[in-house]
Each structure stands twice: as structure tokens, then as C-alpha cells.
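Peer 1: What follows is each chain in one-letter form.
2 protein chains.
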Amino acid sequence: MTSYRALSKEELEQEKESLLKQYEDYKALGLKLDMSRGKPGAAQLDLSMPMMDVLTSKDILSSESGTDLRNYGVLDGIPEAKKLMGDIIGVKPENVIVYGNSSLNIMYDTIARSMTHGVAGNTPWCKLDKVKFLCPTPGYDRHFAITEHFGIEMIKVPMTQDGPDMDMVQKLVESDDSIKGIWCVPKYSNPQGITYSDDTVKRFAALKPAAADFRIFWDNAYAIHHLFNGKNDEILNILDECEKAGNPDMVYIFCSTSKVTFPGSGVAAMASSVKNLDEIRSQMTIQTIGHDKINQLRHVKYFKDINGVMEHMKKQADVIRPKFEAVLQILDEEIAPLDIATWTKPNGGYFVSLDTMKGCAKKVVSMCKEAGVVMTGAGATHPYKNDEDDTNIRIAPTYPSTEELIKACKIFVLCVKIASVEKLLSE
Amino acid sequence: MTSYRALSKEELEQEKESLLKQYEDYKALGLKLDMSRGKPGAAQLDLSMPMMDVLTSKDILSSESGTDLRNYGVLDGIPEAKKLMGDIIGVKPENVIVYGNSSLNIMYDTIARSMTHGVAGNTPWCKLDKVKFLCPTPGYDRHFAITEHFGIEMIKVPMTQDGPDMDMVQKLVESDDSIKGIWCVPKYSNPQGITYSDDTVKRFAALKPAAADFRIFWDNAYAIHHLFNGKNDEILNILDECEKAGNPDMVYIFCSTSKVTFPGSGVAAMASSVKNLDEIRSQMTIQTIGHDKINQLRHVKYFKDINGVMEHMKKQADVIRPKFEAVLQILDEEIAPLDIATWTKPNGGYFVSLDTMKGCAKKVVSMCKEAGVVMTGAGATHPYKNDEDDTNIRIAPTYPSTEELIKACKIFVLCVKIASVEKLLSE
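Heads up: the protein sequence lines correspond to chains A and B, in order.
In this text, residue positions in the first sequence follow our numbering: the first is 1, and each later residue adds one.
In this text, residue positions in the second sequence follow our numbering: the first is 1, and each later residue adds one.
These are computed hints drawn from the structure, not numbers from a lab.
Fair warning: this is a prediction, and the values are worked out from it, not measured in the lab.
No false leads were slipped in.
No distinction is drawn between identical chains; accordingly, a pair holds when it is met within one copy or between any pair of copies.
In silico BS3-like pairs for lysine-lysine, Cα to Cα no more than 27 Å straight-line: (1) LYS171 x LYS130; (2) LYS358 x LYS345; (3) LYS58 x LYS301; (4) LYS32 x LYS369; (5) LYS304 x LYS58.
Assemble the whole structure, with the sequences as input and the hints as a guide.
Peer 2: And the structure:
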């Protein structure tokens, strides 16, 4: 194969014709494939089934502190769950609040509370003329949906191989007191799978924000979601770094077992300074009497400790790895020689991020859909779903079976080729 | 025994001396008893233990619609849980959203959403100068805590034997467009155990609120919590009545299994018009991907249907009834003849509400505490914890064992007597 860029117009036309024929053949198959969301596949979920047996009617449903977990109470999590979630995040139990089943819900509630009640005694955001958030882009669509929902202005910050462009972050955060936060997925980022460098983390911790209520929203969703044994990314501990830099209250860390056990029936947690957590507890006590403590206990009984979690994640990696390898192999074989797209090769997380030639992403996604392959919407990785260059597509390999995935990927690369040829022909 | 009101000053002094001696004897026992919160006792929780066995690793964790409940998705509840919760509330599944573990959390979120985003296209409450709520009093302290937390002005409405004073409710709601809601516990109310009469429900449904975004917050926490077989209170269906009266969107109904299965590990739900629920879903989809569907399935598998729930509640009543009977017997024997307090005799729910002579409630609760008996704080049943007459005390008989309860009750009535004697002596 030759780079499309080296082809003549005639050759491109020929190629297009051949591609469209293949495309019609695929369409005729009436496939229904989904590479859109970062959902575990059934084989991953099967790995957690023994968790359904660890608590039975024969067990005493009490915490190590003796509390009857069947009754009301325990606002911020049972001690053993704080320990387990703290170990996953890399912080002490006293820096952890264990919540219900969804870290997204914690993030939403954190923004909602800041809107109505402010942060650390500062003016509630709903009383301010303007509230802004920095959004490293491409990023996680559900983060952007929360800030958009609350009318918070989103400012794009480009991602680099080391994390967000920290020169831009620093300049904006330190000069504009209407900037109240930044969304980060610091490890195996969504969608690129980038892990922030030590320098990036240190620069975050050393920020001197113009706003006293600026907070880093550190969504460590993929903290332990490695793909390859011996090729794990490591990241500095942001809570420690913030403390060292004299900014102990500047970060909120979020985490869950949604992609460890059962999404929707997992355990979510937040980590921060004790001062921040005390403020949050004073609001939580109005909102609820407590989260599902029996499910917290179920997780602790199943994993026992962080070693149990890590063993489990190795089994998950064994299921997911072949899927990533399949996607990357197809991209390498089918697209790389043509010089029409670039993509990431992450060591963990749930996504591969692909950039098409300018102006092709929407076309690719819509052609995929027409052929029965659902991709994440083009633009979804950008604030306001607005990818000006129309290049970024998020590939989520985990949910389909490997067989389905290969089929879906072949259709996807075909669509990338068609859109690229058409783009080149139109230039 | 003679009414204290018939005693001479000398006789009262004698009585006081004798009572204080008994009080010192109790204090010397160093007891630790709790009649403060509406928490199930251990024997009630034991009744739900078989629920821990209905879903195991051998079961297929799918809904009747075929959805794999181990994965992400299903924002508003699995179909069979909607049916079950709908049957408990008395509405159709399409009028139900099933949430996580806490109806209090749903109520909080409902107020929070109204603050930041408004109701049905009206101005968000946080943008208004003044937002008010009506608070039938005595009422539930956690309701009042939510409205106070959001800076919503609370207006007391006296309770009658038929529910809130509807003349006052109607006059206020129909004349003041800053009144956006009213807190109701319509069945076996907290703390009085009063069930709203048909006339009260119909008058609620027929309100013509000045505010387009006025909503009735109908916390049906004790919908199925009867104490006596054959003496169940019945209540009209508020959703039906609102629809009949041309106010289909005026009510939000809340409910949970917290006092059916395990508090903290139950299932909570909201019922309302489809129009209201659509509005709520459009916000929920930003807040979460979904609640714990496996726990929803666990509840459905355990109860099978509403009949299973009602059978279970009969067993619960068998555990709770003797406790209520013990409390009422002690009050009848020890307090009734003295003419120093009045109290309610509910057919269901979790509380007995007692009114002391004016200015005595705080004294009684603090004396109880000193003798090792924790009661709900005096004033807790009033907005801003402000019981101007200082008379109302909420008695929660369910949590202690019957033996402990009897001990606690004897100390409680002793304190009521002492406070009353002192009050009479001071007049």
C-alpha cells in the first residue's frame, strides 16, 4: 500500500470506487456492532461473579468496628472500605469518603454543591456572573456535560503527550479568578490513554490560582486499569504533591470500582484533604443518611485488600488486552501505510483515540453507523461537542467480543479510508 | 393517682421530692438507651436476611427485558423494580423512577435541581429573591434540614387530626408565588402517625397555586407500615386526584424500602407525571449512568410482587407492635391520670408524638439524656428546631429491644412528671 497522499487523482478515484464497493458489501450484512462506550464486556463481568457469594444470610453483616451494616448510619463509608479505596487511590483512609455506586454522581454533586453553597466559604458559583472550567481536550464527554449543564463556560486546553498544556493551564488559572476548576483524567486518560508526567503533576500542585476556590477535579477512573504486565504507567500522588507545594486543599480525587467489579453496582469514592472532606460531610449529612454499606462490605470481603484488587485487574487485563491488540493491529496494517490518520497506543485505560485528516471524523462516524457500527459521536471528546477540526474519534474496544470487534474495526478503517480519499479528492 | 393540677403546692413539693429520688436511682444505673431515631431494630433486620441469598454467582443477573444488569445503563430503574415500587406507591410503572438507596437523597436532589435549574422551565430558585416552603408541624426534621440548607424560608402550618390545616395551606399557596412547595408525610405522619383524610388529599389536589412551579413533596415513607392487622389507615391516591383536578404535574411522591428491607441498602423511588419524570430524566442523565440495578433485582427476586412485600410487612408489624403497645401502656398508666401531657396513638409508622405542658419538652429531653436515655432533640420536629411552646417530643420505639424500651420509657415518664411538677410549682 502507498500513502494516499502520493496517489494521483485518477488513482484516488479508482481507490474510492473499490472502497465504496466493499462498503456496500458490509452494509448488506446488516451488522449491529458497538464500539461507542467504555463498557466492560461480558467476560470481564464474569470475573466478578464470585462476589455474589461472599455475603449470605449466614454472614454477620457488621463492620470491623462492630457497626450493624444492615441499619441506618455511617455517612462517609465503613472503615475497611475507606482503607481499600484509599489503597486504590494511594491515600490514607482519613482522606477518603466512600459513596454509592457512581463517581460521576460524586463529581456532579461536587459541582452542584459548589453552585449552591460555594467552596470553602467563598461565594456560591450560582451568584457569580461567570464561572469557567478548563477542559483538557480531547477529554471525557460526561465531564463536559456536567459543566455545560450548570452553565459553566468551558475553555479548551490542548493535550500533549505529558498531559494538558501546562503553560496554558498555569497562565489561565493564575490570571483569571472566574476559573474555578479543571477536569483531569490523569492516568490512561479518556480518550487518549495518556498518563500525566511527573512534571505535569508537580506543576498542577504548584499552581497559584487567582481564585481561592479553584479546585483540580482529578478523575482517576483508570488508576489500576493496566493493559500490559510490566508496562504499567506510574503517576505521582497529586494529594501529596499539593500538600508539599502548600496547596493541601486544591484537589478533589474521584475513583470507583465501576470498571473493576460491576458498573452500576460498584463502590465510588472521593479523596481530598480532611478540611475539604469535613466541608463535604457537613453537606452530605443533609443529603443522605448513608450509602450502601452492605455493598461496601461485599467489595471488601471479596477483594480482602489491594493485592486482591490487583490480582483481579490482571485477569481483566488478560481479557481486554487482545481486544486492544486487535484494534491496533488493524490500524497499523490498514491505515498506517496510507498516512491518513494518527492514533494513540495506551498502556491502560479503555480507549484508543484516533485523529483523522481534518474534516473527516463526522463523516467516518456517520458512515460507520450506516453500516451498523456505533462509534462515540464525533466531537463528543470536545467541550460543547465542538471539534472544530473534526478529526477526533474515540474507539472503545472493550464491550464487543474480539470477533465482533475485528469486524467493527474493519468497517471503521474502511470508512476512514473512504472519508480520506474523498477529502483528498476535494482538495 | 390524681391529676397534678388538682394537687396543692405542698403535695406537689412532696411529689417532686419522691420523683427526684427515683430519678437519682435511675441515674445511678448508668444506662445507655436510645429512643431517638426511627431505626428498625435488629429483629426486624433479621427478617430480611434471606434476601442475601436470592442472587448468587449461579444466577443470571439480567432483567426481564434481557438487559445484563451487571453492566452500565438503565438510567431510571429496571422494569420489574418500577412495577414493584409502583405497586407499593399505588401508581403505574411509567410513573416511577427507581433510584439508589435513599429517598432522602432523591428529595435533596429534587430541591437542588430546582435551585439550579428551576422547575418546568420556570426561573431557577437560586435566581429568586425569596423561596418559601410550607412545613406542616410537627414534621420530619430531615425535611426541614434540606430546606434550611438551601436557604428556603420555612412557614409552619399546624397539623390537625386530618392532616395539615388546609385552610391555611390553600390561602398561602394560592396567594403567594414565592411558596414553591410543601413537605408532607401523608400516611402515618412523622411524628404524629396521622393519615391525611380524603378531604385533605382532595383539597391538596385542587389547589390553584400562585406559583406555576409549586410542587407537593409527598413523602410516603410509611405507605405500607401498618402496625395492626385490620386497622390499616387508607389514603387517597394523590397522583390520581391531582390528575382528576387538572393538576397532573403538581406532586412528587417519594418512597423507599429503607424500613422494609435494609436501611442504606434498600431501593428508593419517585413517582410523578410522565412530564415531570421526563424533565427529571433529562437532568439525571447528566448526573449518573444509573443506580444499582443488581440491588433492584435482588429486591424483586426476594419479594416477587406486592403480596410478598405485604406479607413481609406483617412480620415486621409483629415485631414492632409490642413495642408501641409497651410505650402506650406506660403512657396510659403513668401519665394519663396526671393530666400533664397528650400523645398520639397511631395505626402505623414509626413514632409516637407527645406534647408536654408548655415549656417542658427541652427539660424532659435533657433530663432523659442525663439518665442515659437519648430522645430526639426537643424542637427537632419544628422548622429551625424552634418549638416556641417547647412541648413536642418524638418517641421512636422501634430500635431498642422491648425490655430496654420499657426501661427507657419509665425514665421518660418520670422526667415528664418531674418537669410538669416543677412547671406547676413555678406558676
